[in-house]
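There are 2 protein chains.
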Amino acid sequence: MIRMQQYSGTLLAVCIVLMFTIQSCTQMDKKDNPVKGSNAPYAMVIHGGAGTLLKDKMTEQQKTDYIKALNAALDIGERILADGGTSLDAVENTIRYMEDSPLFNAGKGAVFTNAGTNEMDASIMIGSDLQAGAIGGVGRIKNPISGARAVLEHSEHVMMVGIGAETFAERQNVTLVDSSYFFTQRRWDSLQRIKNKETTELSESDDLDKKHGTVGAVALDKEGNIVAGTSTGGMTNKRYNRIGDSPIIGAGTYANNKTCGVSCTGHGEFFIRYAVAHDISSVMEYTGASVVEAGDLVINNKLKDIGATGGAIILDNKGNVAMPFNTSGMYRGYTKPGERVVKIFED
Amino acid sequence: MIRMQQYSGTLLAVCIVLMFTIQSCTQMDKKDNPVKGSNAPYAMVIHGGAGTLLKDKMTEQQKTDYIKALNAALDIGERILADGGTSLDAVENTIRYMEDSPLFNAGKGAVFTNAGTNEMDASIMIGSDLQAGAIGGVGRIKNPISGARAVLEHSEHVMMVGIGAETFAERQNVTLVDSSYFFTQRRWDSLQRIKNKETTELSESDDLDKKHGTVGAVALDKEGNIVAGTSTGGMTNKRYNRIGDSPIIGAGTYANNKTCGVSCTGHGEFFIRYAVAHDISSVMEYTGASVVEAGDLVINNKLKDIGATGGAIILDNKGNVAMPFNTSGMYRGYTKPGERVVKIFED
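Here the protein sequences line up with chains X and V, keeping their order.
Residue numbers for the first sequence follow the numbering used here, beginning at 205 and rising by one.
Residue numbers for the second sequence follow the numbering used here, beginning at 205 and rising by one.
If you're looking for bench data, these hints aren't it; they were derived computationally from the structure.
Treat the hints with caution; some may be incorrect.
Copies of the same chain look alike in the list, so a pair counts if it fits in one copy or across any two.
Think about it this way: if two alpha-carbon atoms lie no more than 30 Å apart in a straight line, the pair counts; the simulated DSSO-like pairs of lysine-lysine are [said to hold, decoys possible]: (1) 462 with 508; (2) 259 with 401; (3) 506 with 426; (4) 522 with 272; (5) 401 with 426; (6) 259 with 522; (7) 462 with 346; (8) 506 with 272; (9) 462 with 259.
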């Protein structure tokens, strides 16, 4: 047994040395022949939340509404990317569209806190130089993703919260609104049902509302640059200025041109503890795994094994896409030249 | 060239398969022979901030004060661990001591924001089940690390900020104080000098005060459980409710019994963008690197290459310690049965 272990140890050491040598060669190749330039492919992938959606509980109208909204969101990003625009613009504008839709738990459709207020979180990150911006617990920024972008572009800080983040956003000409803008009857009713949960069982859709519904986008532009962004209203009935994974760089959002861009959705506390977005990037960086393999390992093995529900969208610098989730459904889709996929359930 | 690449690709694939196979075998071995039990070694490592400290700018008295405080902090953790206490208790109580000292930028010695207030951040994480608690931007919690522990133990959330975090802490009987408790003349003077920086050059020590001085501890108890914690007053003159890396799980703090526990100190924005604590853990998880190799790669290569200043303390489940930093100094030390090291500069 001991000899077997020694042998394994030596073999492992040899493998690691070989891997690093080969990786160095590959990186040199990439430097010599970068995947850049106006003829490079572009791609965009989005999500609108993952959860315990049941196919037969959704009406045809609901399905149609979500599919239509996801396609419209992809159209916005695709137009920008096809015209040679940046992945930063594509991600911001696509997420703004989803924030403006009451269908998703972000911006206009944000869920309510225990106090009956809205506290939204968002973040955005650039894969070329790992710049990032994030805001947490804001109640008056119409499009939180634009607030996050303002932090990225105009501040020495990466993360701001609450009133401070709102003040900064306002000074950067990001649109602020009265908190009444975020009132929707559906989310209000959901809060009331959840508050009464001692006497009433939660419906599947309440459970989805409670924990999920975050939106996110990852784009690769023609210059080969990856940007990832995430925006959410957080968890219905949350208290004590809780911050979820969406504004946490490394948890809900990560982007690195060397590996991939990631945006997550799910039970935020688990996504923070497992640093999910960064872990997916790390699996690719240190083992050479593909987006599909990395997503599968983290979402369908590590997280699933501990009962952590959710999903992620992943995009690498070649335009390869993965959209893993361990729930019964995830609003999702991607677009590339000549290819468009939009789905809610597994098939 | 193409054939070489194909060959490299195949070799890489073979290596990855071999690595995972060997890793699985090793994990099974670990399960069969866990490093647990009352005879296992214990260890604790701490830091009190890294920065551009210059040896000849520090008086002998200053050096003596810091060395004494670091030793006293280690004494507290060591006593708990030697008596068979938990790494959670050791980390919390050691950090509480450093928070109560005006020498460090945490708790009593916290720096001032641009508005002349104190906004402190802290987090703590358990390596056995990856539970975590974090608070950000709090101004009235006497010992922020205890607030973070309360979130870990008594909330379904991982992270809370501002008034919400203070309210929660108070309900959990964590001690709150009037904000005047955090006034120290040294930090106040530092804020005034930094505000006047248009006309006055910052001294080295101001630069240290501005960006560094965070405290942290990582402990391994006799049960083989690793806990990591970090606490800070953040950056002098910070604005807009900025949150640094210290309360970000994956950035300033991470713990996983399978790899290591990490607490970071330095220019927080870089530590968030590079998800430093989680990256060190990932390097160990996916390449089999030691604490020294992982710390060296992340702190002295990745971060140093982009001009990101700071350091980290790292401790694995065998009691191996690393204390890498890319600045001229870091207040640091570790203790194990029969071994004690406390240092400020390189030698």
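Here is how each hint holds up against the structure:
no., hint, verdict
1, 462 with 508, "both (27 Å within a copy, 18 Å between copies)"
2, 259 with 401, "within (24 Å within a copy, 62 Å between copies)"
3, 506 with 426, "between (33 Å within a copy, 27 Å between copies)"
4, 522 with 272, "within (27 Å within a copy, 55 Å between copies)"
5, 401 with 426, "neither (49 Å within a copy, 42 Å between copies)"
6, 259 with 522, "neither (33 Å within a copy, 49 Å between copies)"
7, 462 with 346, "neither (33 Å within a copy, 43 Å between copies)"
8, 506 with 272, "neither (33 Å within a copy, 43 Å between copies)"
9, 462 with 259, "neither (38 Å within a copy, 39 Å between copies)"
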